[in-house]
Amino acid sequence: MTPKERMNNAMHLKETDRVPVMCQLSIGHYFLYSGIDPIDIWFSSEGFAEALLRLRDRYSFDGVLINLPGRDPDYKKFVSRIDRNDDGAIVNWKNGNYTTVPKDDNPHYYQNDGSRYFPSFEEIKPEELFYIEPWDITDITYPYTWGFEKEPRPFNDFFPGYHFDSIKIVKQKIGDLYSVHSEVFSPWSQFLELLNYENALMAIMDDPEKVKACLDRLTEGSIDLGKKQAKEGVDAVLISSAFAGAGLISREQYEEFVLPYEKRIVEGIRNEFDIPVYTHTCGSIGDRLDLMMATGTNGIDTLDPPPLGTVDLEEAKRILTGRVFIKGNIDPVNTLLNCDETGVEKDVAWRINTGKAGGGFILSSACSIAPYTPQKNIRLLSILAEKFGKYNL
Amino acid sequence: MTVELLKELSDAVIDGNKDKSVELTNKLLDLGMNAKDILDNGLLPGMEVVGIRFRDNIIFVPQVLISARAMKSSLALLEPLLSKAELKGSGTVIIGTVKGDIHDIGKNIVAMMLRSSGFSVIDLGIDTRAEKFLDAIKKENAEIVGMSALLTTTMGYMKTVIDRIKEENILVKVMVGGAPISKAFADQIGADGYAKNATDAVKLAKSLIGIVTKEETVE
Chain A
32 MTPKERMNNA
42 MHLKETDRVP
52 VMCQLSIGHY
62 FLYSGIDPID
72 IWFSSEGFAE
82 ALLRLRDRYS
92 FDGVLINLPG
102 RDPDYKKFVS
112 RIDRNDDGAI
122 VNWKNGNYTT
132 VPKDDNPHYY
142 QNDGSRYFPS
152 FEEIKPEELF
162 YIEPWDITDI
172 TYPYTWGFEK
182 EPRPFNDFFP
192 GYHFDSIKIV
202 KQKIGDLYSV
212 HSEVFSPWSQ
222 FLELLNYENA
232 LMAIMDDPEK
242 VKACLDRLTE
252 GSIDLGKKQA
262 KEGVDAVLIS
272 SAFAGAGLIS
282 REQYEEFVLP
292 YEKRIVEGIR
302 NEFDIPVYTH
312 TCGSIGDRLD
322 LMMATGTNGI
332 DTLDPPPLGT
342 VDLEEAKRIL
352 TGRVFIKGNI
362 DPVNTLLNCD
372 ETGVEKDVAW
382 RINTGKAGGG
392 FILSSACSIA
402 PYTPQKNIRL
412 LSILAEKFGK
422 YNL
Chain Y
-15 MTVELLKELS
-5 DAVIDGNKDK
5 SVELTNKLLD
15 LGMNAKDILD
25 NGLLPGMEVV
35 GIRFRDNIIF
45 VPQVLISARA
55 MKSSLALLEP
65 LLSKAELKGS
75 GTVIIGTVKG
85 DIHDIGKNIV
95 AMMLRSSGFS
105 VIDLGIDTRA
115 EKFLDAIKKE
125 NAEIVGMSAL
135 LTTTMGYMKT
145 VIDRIKEENI
155 LVKVMVGGAP
165 ISKAFADQIG
175 ADGYAKNATD
185 AVKLAKSLIG
195 IVTKEETVE
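Heads up: the sequence lines are chains A and Y, in that order.
All residue numbers for the first sequence refer to my numbering, where the first residue is 32 and numbers rise by one.
All residue numbers for the second sequence refer to my numbering, where the first residue is -15 and numbers rise by one.
Here chain Y stands alone, though its shape is the one from the complex:
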């Protein structure tokens, strides 16, 4: 029965059915299932399908958003029951849109996709100053920091953050993205990687912490 319910939970996430997702999560908890198992075998497989369909242009941003909303609602029930290690998952990513930039939809989709791939994501929001990035990296002992910019006026601030990270000798991998960003720009400012979309961002994040081989990484 639980296998069927987990499959239904995955389907609810894929369909973006928040109410159904919450109902099934509660039901599985009532049946005594471990929160980590519900996450790993119900929610994450659902979001994995969403990610693949998004990558292949089968679904678009609206569908991804409602799926993420469904997952987030269920996750809110599970989080108090998950240990710190379980919550950290594959690793911790600090993410934010840089100072001066208030555009966040791309950054939010990347954050959702990273969460759905087992990362713990701390989203600093928009208009994020270097100090805020650095404080969060240190506090969360993060493995990766992701910066986003939509504007050509704000993309230069990514280098300010990277310079500060280097000045303080903080061991963290830096990934960048956004409409005007390119691999060449990422190299120029000293970032460890650039991803052109959310799917590539997940691959890149995994490669940066050694989950996949270098050959599989995104250039």
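Next up, chain A with everything else stripped away, as it sits in the complex:
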């Protein structure tokens, strides 16, 4: 069985030869350990694709998640100067703004006065929204433009061709053998990123109908992007919905502002492409697994265990087995980052044994693997999957 077949079977709730392994790595981990200049990883499709390939190979993962958009191949023409320092680098742009590129964490784009730009809720016109990419190289803009483009693109041609370059490279190099996943941001995440979190959260109290009108538009963009990624041949699409847990919103608010829109994304992509669409929500989601399933999602990613989240894997298995696949749920901080190999083995062996029963289980860190996580701990995951995760086919 190839890694791709193994992942595919698990995502379709079938047993496999063994539990597959696939973790989402933090961008900082790629910066620290891929051997590629962080600037190349962040600002070029080729650099990011190469980092994905190297670390997938190093950790023997059965698949990769492409969680940055492809980049404008001509971005260097907008650079004024790059300053390197002990903490990383600062890319100074010709427009006077700058991007900090830490050696171990996500870069951030700043206005020349050191601030980040966010529009106010009042100035947003829902009909002008389509998709907000939080990791675009020029951060949040409104009306939304890609990179240094001056004008917003028409909605029928919203995503620039280079957006799909990383997917194309990874597909071409390992797509026959390994599972390749892409990512779209949920409308709820996009909305929070657009206004900055606090203003967005207050907006749902101040004018819920306008918020829904915004979410409605952003849903269209998510569907369009997911379908275009599927057309490039990805094996699954991940809906990144990090802010929909109980740490921020109630079950009722989830039902009102998250569920209907994510349901439309799942349906919109799956109506045209027979690939799994699954959901990544961080933190405390133990109280809303039923609502997440009501979106029609094919799988639930992360499932943070206590103390980071509230998901008990045994209980989650009881609720989810045979209905959606589970991708999780190793504590990325208290186990992978902080434990020695003995501690990792003890925790991960338990998770494999608990998760594999009935199939539909992919071994993964709950949230992203932290930048400084020891590489030996990550390498151990596929070894442990071989040791404890075999099925008797």
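A couple of the hints might just be wrong.
[Said to hold, decoys possible] Under the rule of at most 25 Å between Cα atoms (straight-line distance), these lysine to any residue pairs were calculated in the SDA-like manner:
1) Y:K68 <-> Y:F44
2) Y:K116 <-> A:G145
3) Y:K56 <-> Y:K143
4) Y:K180 <-> A:E229
5) A:K258 <-> A:P174
6) Y:K2 <-> A:K199
7) Y:K116 <-> A:G66
8) Y:K2 <-> A:E229
9) Y:K83 <-> A:D167
10) A:K199 <-> A:S91
11) Y:K167 <-> Y:H87
12) Y:K122 <-> Y:K143
13) Y:K167 <-> A:G278
Bear in mind the hints are in silico, worked out from the structure with no lab data behind them.
Since chain A is already given, all that's left is putting chain Y on it; use the hints.
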């Protein structure tokens, strides 16, 4: 009448009704009520209810944010009328997200809850370097410094700040929090306390300056 208006003011804060909160605060001031009484008997009781409901998962972050906004709007009217001692309240807390980290929602909620519990809070914002923490602690003569981090890459900077505080022999209690932080980590870096959420942070802050007994503190 003023008792009723104070109750209405509390309710406006609980409901997150900023306009009503401001209107009632102005009305109470016009009636000659002391700013400190309006704060203690109108605004703070309202936020106390908000804190309890948040702790008990009756309300969530959006409701807390609009309540805090209502309180802040009223407080802006009262602050010029409050003495320095009255503004300091239970004590002064310097709070910030540490260097390299731009996540602030958790820190902001803790700041709101501390303010609502009578603390004076100086919020240094995000990406805060040790020098900025130290300068603020000294300038404000703060009793407590609170540090927040969401990232595993930035949590280590908390120790840098604590080491600097110790090097300069500054008498201030240090509390830490954030998603990847644990009691064990707090102990390891020499913090005086760790709180896993905003409600616990208030209890911890009170215990650190001796407002409640040790038995009531958060481990």
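Now for the hints, and whether the structure bears them out:
{"no.": "1", "hint": "Y:K68 <-> Y:F44", "in the structure": "violated (33 Å)"}
{"no.": "2", "hint": "Y:K116 <-> A:G145", "in the structure": "holds (16 Å)"}
{"no.": "3", "hint": "Y:K56 <-> Y:K143", "in the structure": "violated (32 Å)"}
{"no.": "4", "hint": "Y:K180 <-> A:E229", "in the structure": "holds (20 Å)"}
{"no.": "5", "hint": "A:K258 <-> A:P174", "in the structure": "holds (23 Å)"}
{"no.": "6", "hint": "Y:K2 <-> A:K199", "in the structure": "violated (51 Å)"}
{"no.": "7", "hint": "Y:K116 <-> A:G66", "in the structure": "violated (34 Å)"}
{"no.": "8", "hint": "Y:K2 <-> A:E229", "in the structure": "holds (16 Å)"}
{"no.": "9", "hint": "Y:K83 <-> A:D167", "in the structure": "holds (23 Å)"}
{"no.": "10", "hint": "A:K199 <-> A:S91", "in the structure": "holds (21 Å)"}
{"no.": "11", "hint": "Y:K167 <-> Y:H87", "in the structure": "holds (20 Å)"}
{"no.": "12", "hint": "Y:K122 <-> Y:K143", "in the structure": "holds (19 Å)"}
{"no.": "13", "hint": "Y:K167 <-> A:G278", "in the structure": "holds (19 Å)"}
Comparing the model with each numbered hint stated earlier shows that hints 1, 3, 6, 7 do not hold.
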